[in-house]
Amino acid sequence: MLKRMLFLFAGLLAVSACGAQDNKAAAPPATEWKEGQHYIVLAKPTPPAAGKVEVTEVFSYACPHCAHFQPYADQLKSRLPAGVTFGYMPVVFNPSWEPLARAYYTAQALGVLDKTHQALFDALHRDHKPLRTIEDLGGFYAGYGIDPKNFVSTAQSFVVEGNLTQGRERAMAYQIESTPTLVINGKYRLDAASAGGQAQAVELALWLVNKELKAAKK
1 MLKRMLFLFA GLLAVSACGA QDNKAAAPPA TEWKEGQHYI VLAKPTPPAA
51 GKVEVTEVFS YACPHCAHFQ PYADQLKSRL PAGVTFGYMP VVFNPSWEPL
101 ARAYYTAQAL GVLDKTHQAL FDALHRDHKP LRTIEDLGGF YAGYGIDPKN
151 FVSTAQSFVV EGNLTQGRER AMAYQIESTP TLVINGKYRL DAASAGGQAQ
201 AVELALWLVN KELKAAKK
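Each residue of the sequence shown is one higher than the one before, counting from 1 in our numbering.
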């Protein structure tokens, strides 16, 4: 009974973290973005290599808000200036999210991430498929030409384990509290609630990207 209660409590925390943005009062669309209101400057920035500018979406396949944000993430990627990179970072708020984080890194390692990223969101949130374990997920990726045994062994590999560890460290450095969250150049953090909506989050992210590009030229 205690184990079941702890599991349910952990699940509730994960849903809360995923939905935290919707519980905040959304800010109105801004004509002027303000630090501390629309975005946060991280106390200990972790910028990429000198001269590089990158955008990271911290997400989970388990999070319905991340699924809803995906079209906006695609829009953001398509509008980034030349040379600016975009990447995803799966976060684990709950043990049940870990197989999905492993799935992301495994798909990346096996070269099928681009064609499976949206598909996994659809399988979970549109089709409501019960993909809870690495073995379940191996069956899903089999539909994209990946041998299930190879998928499972890669998901449990040293490389994927290292990616998970690095992801946990970055999530702590970024002070991630909810998903989806955008981090610009390891320095700025924002979400749809702080920006005033999903479309506004895209505009704010682009504004911060250009801010960093200008600073790099000085």
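Do not rely on the hints blindly, as some may be mistaken.
Here are the computed lysine-lysine pairs in the DSS-like style, where the Cα-Cα straight-line distance is at most 25 Å [claimed, not checked]:
1. Lys217 - Lys129
2. Lys149 - Lys211
3. Lys52 - Lys217
4. Lys149 - Lys44
5. Lys77 - Lys52
6. Lys211 - Lys44
7. Lys34 - Lys149
8. Lys34 - Lys44
9. Lys52 - Lys34
10. Lys214 - Lys52
11. Lys44 - Lys217
12. Lys149 - Lys129
13. Lys77 - Lys211
Pair ranges (Cβ atoms, derived) [to be verified]:
14. Gly111 - Glu177: 30 to 36 Å
15. Lys218 - Gln175: 41 to 47 Å
16. Gln75 - Gly111: 20 to 26 Å
17. Thr133 - Val41: 37 to 43 Å
18. Val159 - Glu32: 30 to 36 Å
19. Lys44 - Lys218: 30 to 36 Å
20. Pro48 - Gln75: 20 to 26 Å
21. Leu213 - Gln37: 46 to 52 Å
22. Ala82 - Thr133: 14 to 20 Å
23. Gln175 - Gly197: 20 to 26 Å
The hints are simulated quantities; they were obtained by calculation from the structure and are not laboratory data. Each residue gets a CB set at the ideal place from its N, CA and C atoms; glycine is no exception.
Worksheet item: Between glutamine 75 and glycine 111, does the C-beta distance stay in 20 to 26 Å?
Response: holds, 25 Å
Worksheet item: Using the C-beta atoms of lysine 44 and lysine 218, is the stated range 30 to 36 Å upheld?
Response: About 22 Å separates the Cβ atoms of lysine 44 and lysine 218, which means 30 to 36 Å is violated.
Worksheet item: Is lysine 44 within 25 Å of lysine 217, Cα to Cα?
Response: Holds, at about 22 Å.
Worksheet item: Does the structure keep lysine 217 and lysine 129 at a Cα separation of 25 Å or less?
Response: violated, 48 Å
Discussion item. Check whether the Cα positions of lysine 211 and lysine 44 lie no farther apart than 25 Å.
Written reply: holds, 18 Å
Discussion item. Would the hint linking lysine 149 and lysine 211 be met if the CA-CA limit is 25 Å?
Written reply: Distance of about 46 Å is beyond 25 Å: violated.
Worksheet item: Is it true that glycine 111 and glutamate 177 lie within 30 to 36 Å of each other by Cβ?
Response: holds, 33 Å
Worksheet item: Taking only the CA atoms, is the gap from lysine 52 to lysine 34 under or equal to 25 Å?
Response: Distance of about 24 Å is within 25 Å: holds.
Practice prompt. Check the following: the C-beta atoms of threonine 133 and valine 41 are separated by a distance inside 37 to 43 Å.
Written response: holds, 39 Å
Discussion item. Checking one constraint from the list: CA of lysine 149 to CA of lysine 129, max 25 Å. Satisfied?
Written reply: This hinted pair holds, its Cα atoms lying about 20 Å apart.
Worksheet item: Within 20 to 26 Å or not, the Cβ separation of proline 48 and glutamine 75?
Response: Check passed, 22 Å falls within 20 to 26 Å.
Item to complete: For the pair we were handed, lysine 77 and lysine 52, check the Cα-Cα distance against 25 Å.
Response: holds, 16 Å
Of the hints listed earlier, those the structure fails to meet are numbers 1, 2, 4, 7, 15, 18, 19, 21, 22, in rising order.
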